[in-house]
Amino acid sequence: MLYFGVFVFILGLFITLMQRAHLISLFLGMEFMALSFMMLSAVVMYSNACFVMLIVCMAVCEASVALALIVNMVRVCGNDRVMNLVADKS
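Residues 1 to 90 in full-length UniProt numbering are what the sequence shown spells out, letter by letter.
These aren't lab readings, by the way, just hints derived from the structure by calculation. Be aware that one or more of the hints could be misleading.
Here are the in silico distance ranges between beta carbons for each label pair [said to hold, decoys possible]: (1) V71 x A21: 16 to 24 Å; (2) V76 x L2: 36 to 44 Å; (3) L85 x Y3: 34 to 42 Å; (4) M45 x L11: 35 to 43 Å; (5) C57 x L28: 35 to 43 Å; (6) F14 x L69: 30 to 38 Å; (7) V86 x V43: 21 to 29 Å; (8) V76 x N48: 23 to 31 Å; (9) A21 x M45: 32 to 40 Å; (10) R75 x A49: 17 to 25 Å; (11) L67 x L17: 31 to 39 Å; (12) L13 x V65: 33 to 41 Å.
In this text, all values refer to a predicted model and were calculated from it rather than measured experimentally. Heads up, the beta-carbon is just placed ideally off N, CA and C, and yes, glycines get one too.
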């Protein structure tokens, strides 16, 4: 389980660093990293379920805020490309 958590963290880091074209890809990679952190903390601190539930709640909140931001950006800009965020439109 420990090796699987490390593998999922490295996979999330790889997705975040390599797939930077769309915001949904970035947030998916960050969700993988949050999930792996939750798995690793559950393995290490198996007796403290309150801390694990706190991490799960934070991951759910982060996912909902990210999805709301993506929906809002698609409504305003028309797509979810990262280059639309950094382009100077003035």
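Consistency of the hints with the structure:
At roughly 18 Å, the beta carbons of V71 and A21 sit within the given window of 16 to 24 Å. Between V76 and L2 the C-beta distance comes to about 43 Å, which sits within the given range of 36 to 44 Å. One distance hint, 34 to 42 Å for the beta-carbon pair L85 and Y3, holds here, with the actual separation near 36 Å. At roughly 23 Å, the beta-carbon separation of M45 and L11 lies outside the given 35 to 43 Å, and the hint is violated.
Take C57 and L28: their Cβ atoms lie about 20 Å apart, and the range 35 to 43 Å is violated. At about 23 Å, the beta-carbon gap between F14 and L69 misses the expected band of 30 to 38 Å. A hinted range of 21 to 29 Å is violated for the C-beta pair V86 and V43, which are about 38 Å apart. Distance hint check for V76 and N48: the Cβ-Cβ separation is about 42 Å, which falls outside the suggested range of 23 to 31 Å.
The hinted window of 32 to 40 Å between A21 and M45 holds, with their beta carbons roughly 37 Å apart. Taken as a hint, the range 17 to 25 Å is violated for the pair R75 and A49, whose Cβ atoms sit roughly 39 Å apart. Judged by the Cβ atoms, the range 31 to 39 Å given for L67 and L17 is violated: they are separated by roughly 21 Å. A hinted range of 33 to 41 Å for the beta carbons of L13 and V65 is inconsistent with their spacing of about 21 Å.
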